[in-house]
Every structure is written in structure tokens, then in C-alpha cells.
Amino acid sequence: MEATRAYSLKDLAEACGGEVLGDAQTLIRGIGTLEQAGPGEITFLTNSLYRDLLHKTRASAVILGPSDRNASPLPRIVSDNPYACYARIAQRLFPFPHAVPGVHPSAVIAPTARIAPSASIGPQVTIGAGVVIGEGAVVGPGCVLGEGVTLGEGVWLYPRVVIYAGCEIGARSILHSGVVIGADGFGMAPDRGGWVKIPQIGRVLIGADVEIGANTTVDRGAIEDTVIEEGVKLDNQIQIAHNCRIGAHTVIAGCTGISGSTRIGRNCRIGGGVGMVGHLEICDGVTVSGFSLITKSITQPGVYTSSIPSQPHRTWMETLANLRALPQWVKKLKALEQDIQKLKEE
Amino acid sequence: MEATRAYSLKDLAEACGGEVLGDAQTLIRGIGTLEQAGPGEITFLTNSLYRDLLHKTRASAVILGPSDRNASPLPRIVSDNPYACYARIAQRLFPFPHAVPGVHPSAVIAPTARIAPSASIGPQVTIGAGVVIGEGAVVGPGCVLGEGVTLGEGVWLYPRVVIYAGCEIGARSILHSGVVIGADGFGMAPDRGGWVKIPQIGRVLIGADVEIGANTTVDRGAIEDTVIEEGVKLDNQIQIAHNCRIGAHTVIAGCTGISGSTRIGRNCRIGGGVGMVGHLEICDGVTVSGFSLITKSITQPGVYTSSIPSQPHRTWMETLANLRALPQWVKKLKALEQDIQKLKEE
Amino acid sequence: MEATRAYSLKDLAEACGGEVLGDAQTLIRGIGTLEQAGPGEITFLTNSLYRDLLHKTRASAVILGPSDRNASPLPRIVSDNPYACYARIAQRLFPFPHAVPGVHPSAVIAPTARIAPSASIGPQVTIGAGVVIGEGAVVGPGCVLGEGVTLGEGVWLYPRVVIYAGCEIGARSILHSGVVIGADGFGMAPDRGGWVKIPQIGRVLIGADVEIGANTTVDRGAIEDTVIEEGVKLDNQIQIAHNCRIGAHTVIAGCTGISGSTRIGRNCRIGGGVGMVGHLEICDGVTVSGFSLITKSITQPGVYTSSIPSQPHRTWMETLANLRALPQWVKKLKALEQDIQKLKEE
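Chains as they are written, first to last, in our numbering: chain G, 1 to 346; chain X, 1 to 346; chain E, 1 to 346.
Just so you know, not all the hints are guaranteed correct.
[Claimed, not checked] Straight-line C-alpha distance at most 27 Å; calculated BS3-like pairs for lysine-lysine:
1) E:Lys331 - X:Lys331
2) E:Lys334 - E:Lys344
3) G:Lys342 - E:Lys331
4) X:Lys331 - E:Lys342
5) E:Lys342 - G:Lys342
6) G:Lys332 - G:Lys342
7) X:Lys342 - X:Lys332
8) X:Lys342 - G:Lys344
9) E:Lys344 - X:Lys344
10) E:Lys332 - X:Lys332
11) G:Lys334 - E:Lys197
12) X:Lys331 - E:Lys344
13) G:Lys332 - X:Lys332
14) X:Lys334 - X:Lys344
15) E:Lys342 - X:Lys332
16) E:Lys332 - E:Lys344
17) G:Lys334 - X:Lys10
18) X:Lys10 - G:Lys197
19) X:Lys342 - E:Lys56
20) X:Lys334 - G:Lys342
21) E:Lys334 - X:Lys331
22) X:Lys334 - E:Lys334
23) X:Lys344 - G:Lys344
24) X:Lys344 - E:Lys334
25) X:Lys332 - E:Lys56
26) G:Lys332 - X:Lys342
27) E:Lys56 - G:Lys331
28) X:Lys344 - G:Lys342
29) E:Lys334 - X:Lys342
30) G:Lys334 - X:Lys342
31) X:Lys331 - X:Lys344
32) G:Lys331 - X:Lys342
33) G:Lys332 - E:Lys344
34) G:Lys334 - E:Lys332
35) E:Lys332 - G:Lys344
[What the hints assert, rightly or not] Far from chain G, by Cβ distances over 12 Å, these chain X residues were calculated:
36) Pro39
37) Leu53
38) Ala116
39) Ser118
40) Gly148
If you're looking for bench data, these hints aren't it; they were derived computationally from the structure. All C-beta atoms in this analysis are idealised placements derived from N, C-alpha and C, irrespective of residue type, glycine included.
All chains, full assembly: derive it from the sequences and hints.
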């Protein structure tokens, strides 16, 4: 993909506060991996292990860390954090799309909604009573905002996001298509062989600079609110149940499910396909390996795991048979101990 | 959250058939947990373990079970099922929203659809030929109902639900945003290195008083129908494959997947993140622990589990290494048995 | 379900290239399982194990494999691949719906979009600038196509599919409701305790004859493209992360998540609820059992598994306790070995 205009290496270095070595006027129109980048593109080395690829790259410039500053003769940008530098340069080359302010005539807007003049409301949108939409916010085609929803400035809703009544989205947060915020939590009381629905009267409060992936769901609180703090990043297809709190800057990978009332600390990294039971407290700085299950609160930062990598089917079946036979092996082991004890005593 | 009007404790007790102790005219405008409730709010004690919190609550009234009837000096409601009583009182305080009857002018309705006068059809809705919508049903913004869909009375579709042709939703059922009912089941026949699509000609039949969480999917049957019986509660992000039958009042937590043609009995409780392979029969009254896998039919009620809770990463890696070495430990154990046998015989 | 017209057995045999035995003029209006089919319907035997059911069927005709060609006195179609023959006959009896060409007046179409005259654009659709839609393609109600999206001829989008800018869908592919193609991949760089978003500038390229189930998501590439090759079949609620490549004719069952940059070969069969970590290479012809985790590249075709079937809860808890005690049992075993060694030496 080619940027709409070229930038000098000097311009790009300013985007990330990096230092330029070599020709600062080198013009860049694109970005690529070490292997795929071509002339006119900038590439990046974030791991010295790939220095070999660096020598073969066809890119016109490269982003490097301090320890690799002389690893290439190409015009280059040296940064303490080359990966973040790449991210900021890519943002400069490929700025987020800028929506045209205004309300599409097909949108259905309640008269009491307050929409900032610089906001953009797309086609087929429905906006309920008392909604407040901040400056520069974008509501993509087909989104539905319930009564009293608040979008901070610069919020970006991709097409077909639904936000139920009363929920709040912080400034600059990005919600991808199919996201559902504020649906009822899964709350019901057993009664005479059936279930009585418990009204879910809490809200969902989402902080600033949050990003939520496609088809992820965050349920509203039963009584109190479900809270996603600032800077949290949620991947696709995640389920966050009612009354959860996700601490600032925590990231959660796809297909993970967090049960009700669990609180996850700040700066955690939760893998994909993880499950957490309800009512847990996970402290700051916890990493959970993908495909693991958390059933108890965690009070110490660190990495927690219960996932099992696959093996060839027959090997795994043998392992599994032995696993299930463990109680009987343990019994045998104990019998042997006694036998040996006797033999020793003889 | 405050109710739109206050209710006397006497009014609320009637909602759940409870007995009032203390001042029956106490006015209540909200509901809260033992810790969070304040003046003008009612709280509830559903587990005697939390009696300590009861003594500190700032609530104006409390819901209790018979064994705790005198555990508080506050005005109170005593109920045989205090949790269900709380649910019913919350419903009284916070009644489900009542949609205004009528069809929004932006909705696209086939001429042959029959819509009850008291039903409410929101903006941007598309309704196909021959659809029948019962009294008091609500079709939220952006929903799409295929040809011949039937909604019973009082059905509530939140925004952006899709129901494919021919499916039926029973009275008072609630479908949350992003739900897709009646998409094609995953059926195809292998042929010459590729796949031939098998038309999915069954429907989805959903009983009365079912609730289905956000972004859950229920596929139509291949030949016969997929059936969700009355009172079933499905959480978010669940996948029910073609030809399944879920028995009445069974509840399934989020992120669970049920493979094709599996039949689950009545009053089962299936945890979150569970998997079930296809063509199983699960009897009534089965509980499956979260994150477990069911591969065989179950004929006895009870709890079934295969999930593994996480440990610190290094501990788990050691366990895993031992697990994989099991065949070799078992071999050693057998060798030791023989050695000891020989020693004994000497 | 009854077909809109009757077909002779001869007509149906032509649909799959099968041989007719018995009365070729037998009229068929429907299809059913061996147990459920009635008069006027055709059934099928794809596994000789069910011959008993064949003898009891009330169907008017049956599809059989060569080894069962004389297993029934009914009028019948003999095919080398009776299951694929059933699929093709079902397609003949129940042809895929045929949309009426034209653009619904409520659709919002950018002036620069090019829509083939025979395509069908439903109500409430939004189509961006530069979109190209092929002959006979169907865009269901509420779909949103971003700028520059391309749909091949005969593509079928069910209601409420979203395709982000620049993505391409190959001819005859079917995308079910709630599918999101081309949302941003989960890419961000850690920086000063927070995260910097990495622009996702790749696309999603989907080949011909692909089918994608309800609420499945496929993210756009970070730099290069995410690719789904021809003939791939994805079930519901699947997550395919950025930069993945799924090889031709591979099938993936529901609720599976594939992490970024993983490449799966051709003709693989991936079960439901599977997880794959990122940056793997899975060769052609691999089968992964449901609920298994793949953490390493696979270079040999075959079946790979790590799933654990449930047991009664108490049994499993005992097994789990033994599993966790393994390091201590292994220690004991080693001590016994030494003891025996000593005893032997005495």
C-alpha cells in the first residue's frame, strides 16, 4: 500500500522522536517488512536476530534500535523503541481516515440528542434520546446508540456497532464492527424449575483510548457498572461479563471470556482463548498464556498457564490413558514402597 | 440507578409474595448490594455467610431468607427464595422498557407481513414476505427478519438481530444485539478434493421465555429443525450448530460451542467456554464445569469436568513435562515391580 | 420442507451423475433422513452400518453407494459418493434463493461504485466509493461495504455483513450474517506503559467458493494481506487474525481462533474450539481435533490433539490432584530405583 504522499526521512523521524543517520531527505511512501519492502519504502529491525535479513532488504531506509545503529549502511532512524517508532511512522504515512463532519440524511436522530458540529454520523444510523456525541467523533453506517449514550471526542465507531442505553465511551476510543456494548448481563434467579430475569441496571463505562475488536461484547452491570479503564485493548470475539473491571492498558487477545464480577488489574496481558471464572481479583502485571483457565484470584505478577500443546493423536491418546490410570499407578507405587521397606527390614 | 418513582416496602413485597417485617410504608427508589446500597435503597442477603456485611449496610430495607428473618433490625421482606424475590423486586422498580407501538417510516416491510397493532418496529428494519409479528413485540433498529419468520407476542429483539427465513421465536423471548438465528449449518460433502454445499432446509424453532445473549448464533437444521425449548437462557458469544435441541430451562454460559445434532436435556447448567462434540445425548439435570469438553453422551445427572486451572508458568511446565514422560515412568514402574518380585523370590 | 415442484428420480440422478435402479419416473418433492423421510421423499445411506434403518424407511427412494446397491428394493440412485450425491440432489430440490436484480431505494450508494446490472442490493445497505460488485451478486439488508471493496460474480452476502475498505471477495463466496471482514488486526507497540496503535494497512483477500459462517471475523493484514484461499469453509464465531493464510479447501469448525501470521495449508480439517498461536506453518492435509491447541509448526500430515474429555467431577478432581503431584511421584520412583539397586547389590 502506498501513502497518498511522500515524506522525507527527517519528517518521519520527527513522528517518533528518532535520530536520522544518512540522507535525511530520502523520500518514503510506504512501509514493509525486511523481506517485502522495496524502493521508496522504510522497514524496521526490532530484533537483532534478524540482522541477516537486514543485509538483504531492498528498502530505502530502516528503523533500528541503538545497539543496531550501525548494522546497515542505509539511511536510517535510530530509536530507543524501534517498534513504537515504526507504529508512529506508519501512522504518519497512513493517517487514520478523516470523516467528513455532518449527519447523513438517512440517519434517524432523536431530537434531544446533542451532536458536536465536527462529528460525522453515517447512513442508516439510529441515535436515541439524550445521546451526547463529542467533537470529531465518527459513527459509522448502521450503528445504533441507545438512550443517553455518551461518546467522547474523537471516538470512532466502525459500521454496525450497538451501544445500549446509558453507556459511556471515552475520548478517542475505537470500536470495531459488530461490537455490542451494554447488553444485559447473564443474570437470573432459579425459581420453581425456571428462571426469573434479574434486571441489569448498571452501565458500561469505557475509558479513553480503548480499542475493542470486531464482534466483542461487553455486558452492562447487574447493579453497579462494568468498567473498561483507559488504554485497554480488546481483540475480536471477546466476552466481558457483567460487573467486570479491566484495568488500564491491559490487553486481551481474541476469543477470551471473562466471567462476571472479575477484576483484572492494570498492564496485564491476557492471551487468546483464555477463560476466567467469576468474582476473581487479578493483580496488576499478570500475564496469562493463551488457552489457559484462571479459577482463583492472583496476587503476584507473573505468568500463569494451564494450556496443553497438541501432539500426534496416538501419542496424546497414550498420554491421556496414562493420565487417567494415574490413581492406579500411584497405588502400585505405594505398594512397591512397602515391599521395599519389608525387603530392607529382612 | 434510581427508579422513576418510589414504592412502599408493602408494594415490593407483593411483587414477590414476601412477608414484611418492620415499617411497611418505608419508601424505596433503588436497589444495591449490601456494601453499596444507601438510604432509600433495598438490599438483599442470599447467603448467611454475609451476615457481617448486613450489619454494616446503609440500605433502608433488606430482603432475607427465613433463617435470617431476625438478622437485621431494618424494615425487611422475608422470602423463601430471597434471590428470586430480589429479581422480582428489581423488575418492579425497573420495569422493562415499553416500546411505543407503530412502525418507523424508515423500516422496509413486505406487503404480505402481518404486524400486530401493538407491536413496535424500529428504524432501519427490514421485514420479509409473510412475516408474522405478535402483539406487543418489539423489533429494534436495524433488525432483519427473513421471509416467513414468526415472532410471538411480547418478543423483544434488540438492535441488529438477524433472523433467517422461516424461523420462529416464542412469546416473550428476548434476543440481544448481534444474535443471528437460522444461518446455514456447517454442512458440506467432500468431493474430488473440494466440498459440495448441503442445502440447510430445516428451521430454528425457539420456545417461549427464552433469552439469547449478544452475538450468539443458532444455525438452522440441515433437514430437521434446530430447537431451543421454552425457558432456555443462552449467554453471549455461544454457537449452537445445526440440528441441536436444547431442553427447557437449560442455561448455557458464554463462549460455549455445541456441535451439530447434539441434544441437551432439560434443566442442565452448562458452563462457559465448554465444547460438546456432535451427535450426543445429554440427559436432564447435567452440569458441565466451565472450559470442559464433552465427547460422549451422558446418561446420569451430575457434574462433569475436564478443565485444568492455571498454575505459575514454570510449575505448569514441569507438570506438563512429567505428564508427557508418563509412558516412560510407567515402564520404569513395571520394571521395578519385576525387580522386586525377583528380590522377593530370592 | 417440501420443494416447490416435484422431480423424477431420473432428473435427480442427473444432478449427481448417479445410476437409477427401479422406477426412474418416481416423483420426489423432498428429502429426509432414513428415520424421518416419508412418501414422496428421497433418503440416503452413506454408511452401511445403518442398513437396518434402511429396511424400515418410509421414503419413496434412496441414494446408495455401490456396495449397497442391492440393499433396498426401493427405487434408488447408486453413486460412488452417496453423500455428495445427496448434497447435489438437495441443491436441485431446494435451489439457493435467487435475488431480484436491482438496488433498493433505501440503499446508500457512492456515485463511483460500479454495480453489475444483475446484482441485487438490499434495503439499508451502505456502499462506499469505488466498490465493484459483480454479476448476480447479492448484498443483503444492512450490509456495509467500505471504499474499494470488490465482490466477485455471484457472491452472496447475508444481512448485516461488514466488509472494510479495500477487501476482495471471490466469485460465488457466501458470507453469513454478522461476518466482519477486514477489521484492524490486533497490533500495537508497547511504549511508556501504554500502547501505540500500528496502522493495519493490509487487506483481506478471499478466494472463490469460500463460505464464512455467522459472526466470524477475519482481520486485515498489518502490512501484507490476510488471505483465505478458494474453497475454504469457515464455520460460525471463528476468529482469523491478521496476516494469516488459510489454504484452499481447508475447513475450520466453529469457535476456533487462529493467531496472527499463521499459515494453514490446503485440505486441512481444523476442529471446533481449537486455538493456534501465531507465526506457525501448518502443512497440507493436517487434521486438528476439536478443543486442541497448536503451538508449533506442523510439517507432517496427520491428526494432532491435546483435548481432554470430561469425566464425572470427582474422578477428574482426583486425576488432577495426581497430575499435580506427579513431580513428587517421580521423585519417589527414582528413590525406589536406587533402593532396589542397593538391595540388588547386597
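Against the structure, the hints:
1. E:Lys331 - X:Lys331: Cα-Cα ~15 Å, so holds.
2. E:Lys334 - E:Lys344: holds, 15 Å
3. G:Lys342 - E:Lys331: Status holds; Cα separation ~20 Å.
4. X:Lys331 - E:Lys342: Holds. Lys331 (chain X) to Lys342 (chain E) sits at ~20 Å (cutoff 27 Å).
5. E:Lys342 - G:Lys342: Answer holds: Lys342 (chain E) to Lys342 (chain G) is near 14 Å, not above 27 Å.
6. G:Lys332 - G:Lys342: Satisfied, since the Cα-Cα distance of roughly 15 Å is no more than 27 Å.
7. X:Lys342 - X:Lys332: holds, 15 Å
8. X:Lys342 - G:Lys344: holds, 14 Å
9. E:Lys344 - X:Lys344: This hinted pair holds, its Cα atoms lying about 11 Å apart.
10. E:Lys332 - X:Lys332: Cα-Cα ~12 Å, so holds.
11. G:Lys334 - E:Lys197: With Cα atoms ~57 Å apart, Lys334 (chain G) and Lys197 (chain E) exceed 27 Å; violated.
12. X:Lys331 - E:Lys344: holds, 19 Å
13. G:Lys332 - X:Lys332: Within the cut-off at roughly 12 Å; holds.
14. X:Lys334 - X:Lys344: holds, 15 Å
15. E:Lys342 - X:Lys332: holds, 17 Å
16. E:Lys332 - E:Lys344: With a Cα-Cα distance of about 18 Å, the restraint between Lys332 (chain E) and Lys344 (chain E) holds, given a limit of 27 Å.
17. G:Lys334 - X:Lys10: violated, 65 Å
18. X:Lys10 - G:Lys197: holds, 21 Å
19. X:Lys342 - E:Lys56: With Cα atoms ~62 Å apart, Lys342 (chain X) and Lys56 (chain E) exceed 27 Å; violated.
20. X:Lys334 - G:Lys342: Holds, at roughly 19 Å.
21. E:Lys334 - X:Lys331: Holds, at about 13 Å.
22. X:Lys334 - E:Lys334: holds, 13 Å
23. X:Lys344 - G:Lys344: holds, 11 Å
24. X:Lys344 - E:Lys334: holds, 20 Å
25. X:Lys332 - E:Lys56: violated, 55 Å
26. G:Lys332 - X:Lys342: holds, 17 Å
27. E:Lys56 - G:Lys331: violated, 51 Å
28. X:Lys344 - G:Lys342: holds, 10 Å
29. E:Lys334 - X:Lys342: Satisfied, since the Cα-Cα distance of roughly 19 Å is no more than 27 Å.
30. G:Lys334 - X:Lys342: Distance of about 18 Å is within 27 Å: holds.
31. X:Lys331 - X:Lys344: Holds: Lys331 (chain X) and Lys344 (chain X) sit about 20 Å apart, inside 27 Å.
32. G:Lys331 - X:Lys342: holds, 20 Å
33. G:Lys332 - E:Lys344: This hinted pair holds, its Cα atoms lying about 20 Å apart.
34. G:Lys334 - E:Lys332: holds, 9 Å
35. E:Lys332 - G:Lys344: Distance of about 16 Å is within 27 Å: holds.
36. Pro39: holds, 16 Å
37. Leu53: For Leu53 (chain X), whose nearest Cβ neighbour in chain G is about 14 Å away, the distance exceeds 12 Å, so it holds.
38. Ala116: Since the minimum Cβ distance to chain G is about 22 Å, Ala116 (chain X) lies beyond 12 Å and the statement holds.
39. Ser118: holds, 21 Å
40. Gly148: Per Cβ check, Gly148 (chain X) is outside 12 Å of chain G; nearest 24 Å; holds.
Hint compliance for this structure: hints 11, 17, 19, 25, 27 are not met, and every other hint is.
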